[in-house]
Amino acid sequence: MKVAIKKYNHQKVERKWQKFWAANQSFKAVDNDNRPKFYALDMFAYPSGDGLHVGHPRGYTATDILARYHRMLGLNVMRPVGWDAFGLPAENYAIQVGQPPAKLTKANIARFSQQVKALGFAYDWDREISTADPNYYKWTQWIFKTLYDNGYAYQKEAYANWCPKDQTVLANEQVIDGRCYRCDTEVEQKKLKQWFFKITDFADELIGGLDKLDWPESTKMGQRNWIGRSEGASLKFQVACHPEPDSGSDGEMPKQVRHDDWKIEVFTTRADTLFGATYLVLAPEHDLVEKLTTPEQKAEVDKYIVATQKKSALDRKMAHEKTGVFTGSFAVNPATGKDIPIWIADYVLTDYGTGAIMAVPAHDERDFEFAKKFDLPIIPVILKSTMESRSFVMGVNESDLKKLSAKVVGKTSGGDFKIEIPFDQLDGYKQFIRGVIRPGFWNEFSTPAGFYFIFKHKDGRLEEMELTEETNDLIDRYGATFNDEQPGEISENVYSWLAEGADGFYRELLIHPNTGVLINSEEFNGQSSKEAAAKIAKKFGGELKVQYKLHDWLISRQRYWGAPIPIVYKQISGSAGQYTTVSVDEADLPVMLPTDVDFQPTGESPLALSKKFQAGVAKKYGRGARRELDTMDTFVCSSWYFLRYCDPHNTSEFASAASLKYWMPVNLYIGGSEHTNGHLLYARFIVKVLHKLGYLDFDEPFLKLRHQGLILGADGDKMSKSKGNVVNPDEVVEVFGADALRMYEMFMGPFDQSLPWSTAGIEGVRRFLNRLWSLKPMAKAPETDRAIHKLIKKVTEDIDQMKFNTIVSSSMEFVNRCFAKGITKPTLEKLVKLLAPIVPHLAEEIYDKLGYEQSIFKAAWPQFDPALLIEDLVKVAVQVNGRLRGVLSVSPTDSEDKIREAATALPALSAHLSGKQIVKSHYVPGRIINLIVE
RNA sequence: GGGCGAGUGGUGGAAUGGUAUACACGAAGGACUUAAAAUCCUUUGCCGCAAGGCUUGUGGGUUCGAAUCCCACCUCGCCCACCA
1 MKVAIKKYNH QKVERKWQKF WAANQSFKAV DNDNRPKFYA LDMFAYPSGD GLHVGHPRGY
61 TATDILARYH RMLGLNVMRP VGWDAFGLPA ENYAIQVGQP PAKLTKANIA RFSQQVKALG
121 FAYDWDREIS TADPNYYKWT QWIFKTLYDN GYAYQKEAYA NWCPKDQTVL ANEQVIDGRC
181 YRCDTEVEQK KLKQWFFKIT DFADELIGGL DKLDWPESTK MGQRNWIGRS EGASLKFQVA
241 CHPEPDSGSD GEMPKQVRHD DWKIEVFTTR ADTLFGATYL VLAPEHDLVE KLTTPEQKAE
301 VDKYIVATQK KSALDRKMAH EKTGVFTGSF AVNPATGKDI PIWIADYVLT DYGTGAIMAV
361 PAHDERDFEF AKKFDLPIIP VILKSTMESR SFVMGVNESD LKKLSAKVVG KTSGGDFKIE
421 IPFDQLDGYK QFIRGVIRPG FWNEFSTPAG FYFIFKHKDG RLEEMELTEE TNDLIDRYGA
481 TFNDEQPGEI SENVYSWLAE GADGFYRELL IHPNTGVLIN SEEFNGQSSK EAAAKIAKKF
541 GGELKVQYKL HDWLISRQRY WGAPIPIVYK QISGSAGQYT TVSVDEADLP VMLPTDVDFQ
601 PTGESPLALS KKFQAGVAKK YGRGARRELD TMDTFVCSSW YFLRYCDPHN TSEFASAASL
661 KYWMPVNLYI GGSEHTNGHL LYARFIVKVL HKLGYLDFDE PFLKLRHQGL ILGADGDKMS
721 KSKGNVVNPD EVVEVFGADA LRMYEMFMGP FDQSLPWSTA GIEGVRRFLN RLWSLKPMAK
781 APETDRAIHK LIKKVTEDID QMKFNTIVSS SMEFVNRCFA KGITKPTLEK LVKLLAPIVP
841 HLAEEIYDKL GYEQSIFKAA WPQFDPALLI EDLVKVAVQV NGRLRGVLSV SPTDSEDKIR
901 EAATALPALS AHLSGKQIVK SHYVPGRIIN LIVE
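The numbering of the first sequence is the numbering used here, which starts it at 1 and goes up by one.
Just so you know, these hints were derived from the structure itself, not from any lab. Mixed in with the good hints, there may be bad ones.
[As the list claims (entries may be wrong)] Computed list of lysine-lysine pairs in DSSO-like fashion (alpha-carbon distance at most 27 Å, straight line):
hint : residue 1 : residue 2
1    : Lys549    : Lys198
2    : Lys858    : Lys12
3    : Lys16     : Lys776
4    : Lys6      : Lys821
5    : Lys825    : Lys794
6    : Lys790    : Lys780
7    : Lys704    : Lys794
8    : Lys530    : Lys549
9    : Lys338    : Lys545
Computed from a predicted structure; not experimentally measured.
With the hints as extra help, turn the sequences into a complete structure.
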């Protein structure tokens with residue numbers, strides 16, 4: 001059949017329907033409705049000066065498809081839109097061009113709005129919000145106030161991440177590889193008084209709540225790791241000797257005096273290794289450093305501290321070479337009673353645990369490195385149990401080593417069981433190779449007879465090598481015959497080998513034995529490390545403790561373009577210069593962001609420069625009262641916006657209880673995975689606080705979360721202005737149409753995968769749309785009637801699983817078929833409905849042409865008839881011994897016997913069956929039959 | 001260093017235990033046209049004239065049957081990274 005392919009006028013069609021939807025408020029979310037609801041949300045858009053690029057619509061289109069689909073299923077759909085308008089880029093740009101950020105932001109929002117409108121997203125524009133609008137940030141301030149009034153917001157002086165370029169502090173989550181997440185400048189550490197939200201109070205709930213969420217597993221894992229829960233113990237080490245503070249001033253050597261009341265607290269997850277703690281290490285910033293430093297060591301300690309401060313955060317993070325300095329003082333190991341030296345080193349972090357550690361060099365790689373470098377004692381206290389896989393290290397001489405590739409496989413002579421000994425890369429193990437032996441095989445290994453290695457040469461050749469006397473010599477020398485059957489006895493040669501500085505062996509045999517057996521630990525010898533940990537902590541005065549990597553959220557910013565923090569510093573009466581903080585009364589919110597400000601960054605909040613900002617404060621809060629000058633992190637604004645959408649015009653509450661109860665939680669949330677440890681964590685925290693305080697009846701905001709993959713440049717690189725590979729959606733829409741862009745972005749590949757842009761690809765999609773447009777219904781086309789029901793099933797299943805790419809390919813197949821066989825009007829109608837969520841403009845146009853008066857999105861989603869899915873004849877593949885030899889057309893209800901008979905009669909099989917006996921057959925109904933012959 | 005994910009034609013990818021390479025792009029040839037564009041038709045994993053054989057990063061395993069499940073290795077990507 002020959003069908004003329006006509007191009008449709010996408011500009012005309014798309015403009016027409018966008019106008020229609022706006023005029024009819026087609027996508028209005030209805031409040032006070034008794035239908036079930038569906039809340040579909042895109043991550044908040046930041047209206048940058050660059051406008052959209054083609055990456056943005058990918059996530060938006062997916063949300064749009066689900067929203068339109070649920071609308072056709074009869075649900076009350078809310079698909080809101082709004083702007084994360086406060087923030088540094090707008091302010092920095094404002095400084096650059098000398099215009100107020102409010103004005104620039106307004107222009108950016110206008111541009112973004114126009115761009116997303118051109119893409120035909122089914123937004124409810126009546127709910128549009130902007131975080132820079134006083135009607136919005138009033139409630140951001142209310143949330144701050146509510147947290148403050150309930151003890152969840154507080155001020156403290158602490159080391160904070162300071163961006164020297166943007167002249168503001170940053171939260172931990174905003175420091176990427178030691179650099180500012182906005183401008184990529186290296187971040188410094190500055191001690192400053194700042195505002196924090198107590199997110200750490202919710203650490204356990206934030207971990208626990210993840211279990212019930214339908215989120216990507218990797219995102220959940222990312223949050224768990226970021227929160228970083230560790231169970232352990234805090235232990236106190238008494239300082240044994242240190243100089244008397246004022247002694248030595250007259251030139252005499254200071255006396256070493258015992259101070260019972262000076263203690264160093266450490267956190268450890270391995271209290272079981274306490275007997276092996278041979279020194280303590282403090283972070284250079286630790287409060288006790290000055291007290292503990294002896295006069296002889298003072299010069300060196302000071303030098304070290306200055307050197308550490310000079311190091312950028314980045315250098316300090318990336319440097320793995322251990323550095324440190326002895327304080328001159330000692331502490332008592334409570335288990336052994338021995339004096340152990342106290343050191344300072346920057347491998348101990350000031351902001352984790354207590355900023356001090358007990359070092360167990362035998363069982364911690366970092367402590368080991370440090371101990372080797374500074375010649376500190378190493379006492380092994382754990383051996384690996386024989387019940388688990390064993391690592392071993394074997395020495396080889398230099399010439400043998402050269403023959404080896406990285407892959408060495410060993411096995412036993414027995415043959416009935418296997419030991420595979422995968423050797424890691426030999427890097428760092430200059431004269432040793434190492435491997436793993438599984439449980440039960442260690443004895444055979446320690447009996448060299450009958451055990452041999454297969455060496456794999458670089459050319460792939462395998463060579464067997466027995467453990468000869470020569471290799472045995474090496475093992476003797478390097479201790480690979482180490483025997484842990486008798487805990488506590490370590491062969492002499494292990495020690496001698498350690499003395500030679502063979503790190504590799506030490507790491508493999510002694511590091512991280514999580515379930516080993518204790519040695520050198522007096523009464524605890526022979527116990528498993530797991531059971532001993534709590535006992536040892538208890539006996540020596542320790543307390544069980546849970547420690548988190550997560551820190552409280554630092555939310556104050558010394559910048560202009562944000563929501564002012566609603567706090568007033570009130571002078572304490574009768575004591576000039578002393579202040580207490582109070583939150584601003586709810587009736588006085590919002591604290592308006594002043595406009596009479598020079599917002600050049602100086603390190604002080606620009607609000608200090610406003611004359612109007614402090615007006616009336618003294619009158620209300622007393623003489624000397626001043627407003628807080630910092631603004632809030634924009635992530636505070638974006639951590640509750642999804643609540644505001646439920647009731648965006650409410651002037652007395654952030655949203656009414658009834659609207660929250662109906663609309664929340666969000667059913668589907670789509671956005672980038674880069675927000676895992678920022679926005680997604682903050683939003684969950686704010687919801688949990690408001691839940692705890694009784695404002696919300698749910699404690700998780702986003703039930704189902706999905707991430708879109710990036711759209712890369714045609715060259716496969718990330719799109720960026722500097723690379724010149726950015727594709728502007730405006731041009732694509734103009735040339736190919738919004739529908740073609742939407743469909744192409746869904747067709748490219750799996751939704752969560754990053755994929756390169758291809759202009760040829762979108763041309764192909766546009767060709768398909770032209771073909772769809774050219775389909776003309778006819779009276780009869782029976783073969784497509786069955787096919788459309790299969791397609792309904794396929795599309796419905798795929799849309800729920802967000803497998804958009806296969807929706808498009810199946811539809812293409814179907815349309816190709818219709819070109820060959822024709823299509824009836826009811827079938828075309830169903831097809832157009834199935835594609836309407838993806839290509840809404842063209843679908844409306846075709847539906848209109850078919851004679852319907854109302855929008856296709858008022859129509860019901862097509863249902864398939866299961867009876868029509870059953871085929872009269874199916875093709876069954878015929879295999880002989882697992883190899884395909886022919887195809888058979890049979891009825892799906894035929895018995896296996898009947899099909900086997902038909903199969904053996906196939907001429908194509910005769911060569912494969914002649915002279916052979918069919919022993920067995922396996923039949924998968926309607927799919928395949930496999931004949932086993934001998 | 002740790003965690004997670006992925007390796008299938010010239011390209012993006014489909015198939016998650018049952019006919020591998022659907023769909024699309026690109027390429028080649030043809031039709032229409034004065035010509036081009038557009039459109040349509042044919043071919044298109046590799047080797048082979050064919051019969052047939054081979055093929056889902058590599059090597060093993062489980063199974064009647066493996067891209068799919070298991071083990072090991074290699075490569076790439078993302079996230080975290082001195083967290084005691």
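Taking the hints in turn, this is what the structure says about them:
{"no.": "1", "hint": "Lys549 - Lys198", "verdict": "14 Å, holds"}
{"no.": "2", "hint": "Lys858 - Lys12", "verdict": "22 Å, holds"}
{"no.": "3", "hint": "Lys16 - Lys776", "verdict": "22 Å, holds"}
{"no.": "4", "hint": "Lys6 - Lys821", "verdict": "19 Å, holds"}
{"no.": "5", "hint": "Lys825 - Lys794", "verdict": "20 Å, holds"}
{"no.": "6", "hint": "Lys790 - Lys780", "verdict": "18 Å, holds"}
{"no.": "7", "hint": "Lys704 - Lys794", "verdict": "22 Å, holds"}
{"no.": "8", "hint": "Lys530 - Lys549", "verdict": "23 Å, holds"}
{"no.": "9", "hint": "Lys338 - Lys545", "verdict": "25 Å, holds"}
The structure shown violates none of the earlier numbered hints.
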